[in-house]
Amino acid sequence: MRYSFPKKEHLTKKEHFDKLHSAGRGVKSFPFSLRYIEVELEEGLQRKVAILAPKRGLNKAVDRNKMKRQMRELYRLNKPAIFNSGVQEIWSLRYLGNRLNDYAFLEAGFLKLLEAYEKQRKKELNHEE
Numbered sequence: 001m002r003y004s005f006p007k008k009e010h011l012t013k014k015e016h017f018d019k020l021h022s023a024g025r026g027v028k029s030f031p032f033s034l035r036y037i038e039v040e041l042e043e044g045l046q047r048k049v050a051i052l053a054p055k056r057g058l059n060k061a062v063d064r065n066k067m068k069r070q071m072r073e074l075y076r077l078n079k080p081a082i083f084n085s086g087v088q089e090i091w092s093l094r095y096l097g098n099r100l101n102d103y104a105f106l107e108a109g110f111l112k113l114l115e116a117y118e119k120q121r122k123k124e125l126n127h128e129e
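For the sequence shown, the numbering used here gives the first residue as 1, with consecutive numbering after it.
One should not assume that every hint holds.
In silico DSS-like cross-links for lysine-lysine, where the CA-CA straight-line distance does not exceed 30 Å [claimed, not checked]:
no., residue 1, residue 2
1, K55, K123
2, K28, K14
3, K13, K55
4, K66, K13
5, K79, K112
6, K79, K7
In short, the hints are calculated from the structure, not lab data.
Predicted model, so just to flag it, every value in this text is computed and none were measured.
Throw the hints in and build the complete structure from the sequences for me.
What follows is the structure, encoded as structure tokens:
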């Protein structure tokens, strides 16, 4: 797997955002929250991701952009570690903090979020069977 986050993996469709925020499930692990839902995507895509850094927490655009850059980097470098359930899904990855943090803190929080996501997905998949 390549460590990339190409444009085709970016979540851009309004109907996907609406579906995600109306019927999506979520998991939180400070300083991130993740909402996800299964959908049909183009062939060869596992997931599409939206990276969000709200104005409420980070007032300056410079800070929001830096946080989004760091979140994209976290996602990109940890893609191989993400639980692959074999279904296509869309994600909304949101920053919950109200200030910038160092990269090591963010990475630890992101890895905890991925563990919580994996635990929840395995539980959901076991209930479906």
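Hint by hint, here is what the structure shows:
no. : hint        : verdict
1   : K55 to K123 : 34 Å, violated
2   : K28 to K14  : 23 Å, holds
3   : K13 to K55  : 21 Å, holds
4   : K66 to K13  : 24 Å, holds
5   : K79 to K112 : 14 Å, holds
6   : K79 to K7   : 15 Å, holds
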